[in-house]
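Following the hints, position chain D against chain R.
There are 2 protein chains.
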Amino acid sequence: MNSPEIDSLIMLLSKLPGIGPRSARRAVLHLIKRREGLMMPLSQSLADTATKIKTCGTCGNLDTSDPCLICRDPERDKGAICVIEDAGDLWALERSGIFSGQYHVLGGVLSALDGIGPDDLTIDPLVSRVRDGGISEVILALNATVDGQTTAHVIMDRLADSGAKVSGLAHGLPVGGELDYLDDGTIAAAFRARRSV
Amino acid sequence: MNSPEIDSLIMLLSKLPGIGPRSARRAVLHLIKRREGLMMPLSQSLADTATKIKTCGTCGNLDTSDPCLICRDPERDKGAICVIEDAGDLWALERSGIFSGQYHVLGGVLSALDGIGPDDLTIDPLVSRVRDGGISEVILALNATVDGQTTAHVIMDRLADSGAKVSGLAHGLPVGGELDYLDDGTIAAAFRARRSV
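Read top to bottom, the protein sequences are chains R and D. All you need for the working numbering is the position in the first sequence, starting with 1, plus 184. All you need for the working numbering is the position in the second sequence, starting with 1, plus 184.
Everything hinted at is true.
For identical chains, the list gives no copy identity; a pair is met inside one copy or between any two copies.
Restricting the straight-line Cα-Cα distance to at most 16 Å, the calculated cross-link-like pairs of lysine to aspartate or glutamate (EDC-like) are:
1. Lys236 to Glu220
2. Lys238 to Asp270
3. Lys217 to Asp304
4. Lys238 to Asp191
5. Lys262 to Asp316
6. Lys217 to Glu269
7. Lys349 to Asp316
8. Lys262 to Glu321
9. Lys217 to Asp273
Bear in mind the hints are in silico, worked out from the structure with no lab data behind them.
Just chain R, with the same shape it has in the complex (with noise of 0.2 Å):
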């Protein structure tokens, strides 16, 4: 008995990670009540993004322009490159602020089951950035995953004779963690990667 409208509304919705059907319908409700202050300017913004976001040719980060605003930086270090999975992994680590130098998005990681191969990711175009010089550090920073460690195994063969010195990010607690709370590879990683203090 809904009108067409909200049904299409609502199926749209329905289809963002984490939202199910049934938050789709409190949404729905919740911007109808709310159409100048919410609704309008979400769709408004929606379009905007879509037709102003590019994908910067460089390193794969998301931005009004191609190169990106990190790749135009002056400021930032043009001899570092971290490597992560996709613009959200970009994303936390601009917030933690730890790093300014460059980046480059793989656009995934390799995966057998979900038949991803090298192809699929820009490790080609990584190699020749490296390859091109003036680079001294490759940070991997992908996830912890057995998919995410095989892709950067996959990445340092590549990049073995390139004379860039290629790391990883350190395995151990996670800050504020617990050990009674943290599985036992963790522990373990963290116990043998312990330094004198």
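Relative to chain R, chain D alone:
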């Protein structure tokens, strides 16, 4: 370091119920990967719904026409009004297919905490609809919360001399529910309302 378009889209999405900044970021990445298939249609659907959907002046339902489809349907029973808190409850009842009469959306429930009094709800229009005659039953399908039941009592008082029969939803075991997981109040209500079988 995100572009302002992406930041404002994340901010708007995170205002939806059940979506925080983290899931809004995931949703934005998901949308940017599906610009033509999901992002532009969603933008269009939001604009469509925001401009076309009206609140029915009779029952408070959301529809493209006023009076809404349900109020205009000649097949539906004109003698019964089901009172619900908001349009989402109307949708839930329509999905169940149990009721084929008229609806009345209150627009909320009385709440001393949130400062919602009788004048903020459509209680007066409901009383007018019932007093205008032709209504034999008013079904109060309000949530089984303290605020919902308080509101039900206030409406019952207002309709006491209207001549219409006023009923409320039964309390008891949810279909498929297990005694062991139910709260004491529900078990007691189901026990008191036991029926011979």
